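S.K.: Okay, here's what each chain looks like letter by letter:
4 protein chains.
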Amino acid sequence: MLAEIKGINEECGVFGIWGHERAAELTYYGLHSMQHRGQEGAGIVVNDGMELKAHKGLGLVNDVFKHANFSDLTGNVAVGHVRYSTQGGKGVENVQPLLFRSQTGSMALAHNGNLMNEQKLRGELEDEGSILQTSSDTEVLAHLIRRNGMETNEESISSALNKVVGAYAYLILKEDKMFAALDPSGIRPLSIGKLGDAYVVASETCAFDQIGATFIREVLPGELVTISDKGIESTRFAMREQRRMCAMEYVYLSRPDSDLNEVNVHASRKRMGMELAKESPAEADMVIGVPDSSISAAIGFAEESGLPYEMGIIKNRYVGRTFIQPSQELREQGVKLKLAPVRGIVEGKRIVMIDDSIVRGTTSRRIVQMLKEAGAKEVHVRIASPSIQNPCYYGIDMSTRKELIAANNSVDEICEIIGAESVSYLSIDGLEKAIIKDKTLHQGICAACMTGNYPVKESGQTEISYTRC
Amino acid sequence: MLAEIKGINEECGVFGIWGHERAAELTYYGLHSMQHRGQEGAGIVVNDGMELKAHKGLGLVNDVFKHANFSDLTGNVAVGHVRYSTQGGKGVENVQPLLFRSQTGSMALAHNGNLMNEQKLRGELEDEGSILQTSSDTEVLAHLIRRNGMETNEESISSALNKVVGAYAYLILKEDKMFAALDPSGIRPLSIGKLGDAYVVASETCAFDQIGATFIREVLPGELVTISDKGIESTRFAMREQRRMCAMEYVYLSRPDSDLNEVNVHASRKRMGMELAKESPAEADMVIGVPDSSISAAIGFAEESGLPYEMGIIKNRYVGRTFIQPSQELREQGVKLKLAPVRGIVEGKRIVMIDDSIVRGTTSRRIVQMLKEAGAKEVHVRIASPSIQNPCYYGIDMSTRKELIAANNSVDEICEIIGAESVSYLSIDGLEKAIIKDKTLHQGICAACMTGNYPVKESGQTEISYTRC
Amino acid sequence: MLAEIKGINEECGVFGIWGHERAAELTYYGLHSMQHRGQEGAGIVVNDGMELKAHKGLGLVNDVFKHANFSDLTGNVAVGHVRYSTQGGKGVENVQPLLFRSQTGSMALAHNGNLMNEQKLRGELEDEGSILQTSSDTEVLAHLIRRNGMETNEESISSALNKVVGAYAYLILKEDKMFAALDPSGIRPLSIGKLGDAYVVASETCAFDQIGATFIREVLPGELVTISDKGIESTRFAMREQRRMCAMEYVYLSRPDSDLNEVNVHASRKRMGMELAKESPAEADMVIGVPDSSISAAIGFAEESGLPYEMGIIKNRYVGRTFIQPSQELREQGVKLKLAPVRGIVEGKRIVMIDDSIVRGTTSRRIVQMLKEAGAKEVHVRIASPSIQNPCYYGIDMSTRKELIAANNSVDEICEIIGAESVSYLSIDGLEKAIIKDKTLHQGICAACMTGNYPVKESGQTEISYTRC
Amino acid sequence: MLAEIKGINEECGVFGIWGHERAAELTYYGLHSMQHRGQEGAGIVVNDGMELKAHKGLGLVNDVFKHANFSDLTGNVAVGHVRYSTQGGKGVENVQPLLFRSQTGSMALAHNGNLMNEQKLRGELEDEGSILQTSSDTEVLAHLIRRNGMETNEESISSALNKVVGAYAYLILKEDKMFAALDPSGIRPLSIGKLGDAYVVASETCAFDQIGATFIREVLPGELVTISDKGIESTRFAMREQRRMCAMEYVYLSRPDSDLNEVNVHASRKRMGMELAKESPAEADMVIGVPDSSISAAIGFAEESGLPYEMGIIKNRYVGRTFIQPSQELREQGVKLKLAPVRGIVEGKRIVMIDDSIVRGTTSRRIVQMLKEAGAKEVHVRIASPSIQNPCYYGIDMSTRKELIAANNSVDEICEIIGAESVSYLSIDGLEKAIIKDKTLHQGICAACMTGNYPVKESGQTEISYTRC
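Chains as they are written, first to last, in our numbering: chain A, 9 to 477; chain B, 9 to 477; chain C, 9 to 477; chain D, 9 to 477.
One should not assume that every hint holds.
All copies of an identical chain are treated as equivalent in the list; a pair is satisfied when it fits inside any one copy or across any two copies.
Calculated lysine-lysine pairs in the PhoX-like style (CA-CA distance at most 25 Å, straight line) [unchecked claim]:
#1 K346 <-> K323
#2 K185 <-> K410
#3 K357 <-> K441
#4 K445 <-> K357
#5 K380 <-> K202
To be clear, the hints were calculated from the coordinates, so they are not data collected in a lab. Only a predicted model underlies this, so the values are computations on that prediction, with no experimental measurement involved.
Using the sequences and the hints, build the whole thing.
M.R.: Structure representation (structure tokens):
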């Protein structure tokens, strides 16, 4: 939710299950647990052994499936998707999984990530007479697979994947097989679990907990996993590179109860708060966190610093899609949005306010101001991650560089802009310490938005272009 | 939200504003901040000086007003209501404020509370030829006022209030005045604030913070406040008794950022947790709270005990009205509802689990079981209030005595039923210590549901009957 | 439909059935056949022997009941209503049947007609402390009945009916009886039928045909009919006056397949056309009628005159409620509304155009112009009823006198205004000849809107006031 | 409407306009007038000079566009479509115009007709790696055009049209041109008109009258018309064969006010009735028609025979999509569907009942029975077209041969089945006389469903296969 305020938006979550008689229902619950990864649309494709059937729509999982009849969505196999859509691709035709039928069989695709060479590939396909119906880069992969022959198999998928460049996690379903594929740098998360005899694949492990499944392992960078009634098989479509899991998944995007690369997200955030307390302590009466994503780091900061942790900001849980935003005039008169300070707590106090990140700075400024108006004596802002100075080309919809406050201002300037007594960011070292438990397992993270060091580039490109998830 | 699981449901919140040109919009935001007090229906009546106009509907404030045109709801005065409805009174005709028109003028009523003699009064009115159109006890008061003559004034309202018995907070609007009235024991909360020159009245002070208004004072027990263009006037319709504010408002119902009787709710909850840690410590590795209402007490318990506070249970924020509940079979296979344990945190640990109250015990058992399945070694349940053993007749929809686990079982039995290593409740003394700052101001609380000591009874009644809010 | 163009609007149709196990469903079909009598709202109240239950809503019968579950609307007895609402009374609370509950029983009322002294009665009731919830005059009758004692019986109903003045047909339902009442002049239609052992009452006999019931007799002026499990009983609440059935029911309002006073409506309209051909023949090539209500008269005119009857105007059957009306500019460019001329038929021809009535004249002018633009050489307008010069106070929503073209213009002026070659109206004698078969049965009609001779007046009134249906 | 009862369903109507600033609105009105050609879905694609934009949906034109904002659908050019969908193709993705975007431009297609070799062409396209997204044969044509090169021009369209076999009328829109094409036998109707300087193309001329446009000429068999800012140009993509306009368009499908091949539909139907009266007179008291499509023929029969024309059957105008069909049990008890007999007219009379056609015979039997139950002494059924004994492969969704009553029964047997006193059909000669004014213009009609003589066959086919519109 806060995402909308911040301007960091995850793009999509995928879920697949093979071999459970209530596949569609379990996919519903799995998608539900990953709702934070995309609120614009949701869909499920089931395979009842005879044909693939889709139920998709715009909106939250709840809304899309409120009139769904799961007894119509029979079959032991399903793939699902929750979608965050960028401007311009909001049509229902872009809601995934995309389902393609032909006289010889069907194929469904669900994707989390971003292809950097999508426009080029699209142009080439059209030149050969193909008609593309969506603005989704997922459709481009489907055409590449089909152009390799009517058969959807390991070979044609591998060949197609070798043509695309970017960060991606794909689920591909056909009548007799389900495929899971991860980009060669392993930037996006994708895990495999089991539920009884059934196999489950999901963007986040919280989906496994949601349905009572057990985590088995992560899909590896450059790996193509095939799941069928014969079990699970693995091939490699690209040389495995050093895994570079997206740091923002830990900092902000994933759910606290998920494990990424076997590291719990809440625990890593708490460690970020602890590292931050070591690096940048503050003289204050209490620590508060900006709900919801900064609570873990705030608890960590409080524990490390010995300051009491308090509930100084409250979030209105009922601010839904139809909430009428107060006009500028009313906001100036003091009408609050979804966050409100707790006057009885903050009045007269020196406060350490923990936030997970700052994008444009407008939200931070508003919260600091809110706290001051409620009587806070001092507000020391501590950010539990390094500053974001670069755009992401791997599937996260951030603001452009022009809008990124840290790309254009020093920390002192930021402090002045947001009106705090002091501002500090966690160092990149502190971040790595908090995330990486074991260097063998976890060779690195992608922190390109903080460091500018991009692990994947389109060959020969002069500029990194951003298209869509 | 958890309320639905627990079976404790607040009944209604009221809001009124006199003298602001954007009265309807401010009422919308005010109601929004009190959405937790009632999710079944909402309404606003505006007074544009010429006539009273209503916009009402079933559902959340967001839903009811998503197509509202505030430019049609003009006027400097408005009253609003959020409603929780008991079984049987779910029709839209029961959504408040109730608006009554006549050839000589209109009257709108909004109510939070419960009349104990509503059935008797209804029968008497019907015997005299009155036709009542709703099953709401608020309509009964309207008829009593009208029977006192066509004029809606202090006299006719006072006379009508003297006929009703119960716990109540009323807002009554007519063309030239707004009235606020509180029952003689002051069981339900009702506060007065100011926003510039405008007067505001609300069930909870969080509504004042929401719109930028300043708290002035509480409406007093037995007081009838009149607000008009001439300002604010006060009369007394009943002898003031010792104020007995509902303890459950502090324990569970109100928002943490509200002040009741000038006591902040979060702070009082944190003190409940601290008192509980003193009364009933536990050998454990961490303290966790059941979200959302028990977080404050859990922080207090952690601070007092020196144990780390952890996020051991996570709540899915996207579980909305249309969420498809998992079947019994799926739940047994491990499909979670809106609460989920964080395996990475609780695995192998001894846990103090703080909850604010136990009603039927089914939710507590489910959460304990969830934590154990996620690997918790021990679960020590600590309840931050005394046990609930009696029904409420003053406007809270609790389970019947037969369903109340504490009415029928000892603490040891409860411990066995819910499968915990140990269970302790806060003492009534501990509760009073946590709530009452100043005995002069705060002569007492109503804790009838815990102690059986009911402050208000219908004269001559042999049994306390419960009707509706 | 055309009604909306014309500005003549029937107000309401009623239907009741006693003693059929599928009472609600049959009421649905009965109301459906009377949909032309009111398109603003519809409702059914069933009596399952224990309690009265209502299902009501705004819109067409189809829309209101599309989600109705008839298995919830069980019971052998039902009353229903279709409503046309005047400006200002469009709220769903005004949709009938009105249902009033009390501790001693319930009462439902459905009404077709208009009370002339409604405002006066309403004021008196309010002075006595009654609260009225709707702007419907039907509620006034309910209060009058209740004021006569809690029992709803022949006596209290008769006494209440003697206080109201106007034209009305009521159905009143309580747990053990259904009552049907007609005003002392019998201005509005109301008939009794049988379906097996069940009794049926309806505004029009087409409702009997719709459900396979047989016509028994009409309710008589001033009669109160009681239907119960004991059968049918009749009392008289007023001296029977000469029956004065509304002439507009024959001319325009009723369905052609209904019989009113045992006279078939289509046949009477055909006779109006024949009388008109005798009174005002025209030199022409063909006769055409304005669909739908003028077709019968056009056939009659053609048959009498020997001219061929042609389909010169076609009506678009798909013009529904959401049809986007063409802007003035587009209409001037030739974009048609729901009526269109058939160029292939009218081009180069001299035409007799039959219409049932002219209210404001704007529609007639538009149709004549349309025919001319499509190539008609001459258009001779023949109106199959006398000219309307006076408002109706008995339940038909006509334009005010100021708007009535015939109240302010001579026939020659009208001819010029609408651009026809000639215009003639049927004489009042011709109308009576066409309607009245048997003077004993049919002592007269109410043609006040044509003649100014009003059969019912409020005693002592200085001006006839119009309120609502 | 009756279509649904009968089982004859037109498939689609098309409309296009080039050069009017309110193109989308005029298309709305044009489609509206052709609503009878398809009620399952509707759509408009506008061209604002920069890009093509679509607004489409399931349902009636009214419903699809009720929330449309025509100020968003700007542009001087638009094409529209109303769709009747066969089982299995009901998804919104099949609603036309289909819109295909590519990096070099867009193309929209609207189609009325049926391709007989669609399955074969679809298979060939898929073998070459194409992905088709709909089950519409219109998409097949789009792929054929694109495969001919990225340019959508006369050449690539002509080449694609020469690959398809069937009956069709296409509108194709690209940024700078609009194309209209008709199959080589001219089976489906398609006309060109003008509105000021704008060109209009439509399936029926009633669309021209609706918007005030003037008829210019029909598109010729095998002609490809190009409309652009340079005006109108014509090329021939196939040798012109003898025009064989579908006879059912005259008999039943088209609106009475349309002209097909410059023959007015109402007039041709009236002549069918007259021919029928000459061929098969009957001793009777009156002539009645089954509304709405048989009224013209009934008037013709009455005029020729000298018998009076009466309104013996009435159609309920309010039977909409959500009408709850009476159960078999209720129908047996006499509850009527949308047609009802007028007892007051038919009782005791000998009746000639005119219908335009009989498909399965069930409706005819029901109507005859209804008339008898209402007291008709004799019912002589006269059908104003020859009997239908063969399926249609050219775009009309008729019942299969097995269901066609006339394919399996003699006229005497039909008479017995439907319970009439006598049954006669119009002869094929009589039909041709009624339709064909001028043999030069109108070389013939397609009456394959009556005669079995199919004008278009897929080369080398052993069986004629039916796919979809």
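S.K.: For every hint, state whether the structure bears it out.
M.R.: Against the structure, the hints come out as follows:
In the homo-oligomer, the alpha carbons of K346 and K323 lie at most 25 Å apart both inside one protomer (6 Å) and across protomers (18 Å), since each shortest distance falls under that limit. Proximity of K185 to K410 under the C-alpha cut-off of 25 Å is found in neither arrangement, the shortest distances being 45 Å within a copy and 41 Å between copies. Taking the closest pair of Cα atoms, K357 and K441 come within 25 Å of each other only across two copies (24 Å); inside a single copy the shortest separation is 32 Å, beyond that limit. Proximity of K445 and K357 under a CA criterion of 25 Å is satisfied inter-copy only: 20 Å between copies versus 36 Å inside one chain copy.
In this assembly of identical chains, K380 and K202 lie within 25 Å of each other by CA distance solely across copies; the values are 20 Å between and 50 Å within a copy.
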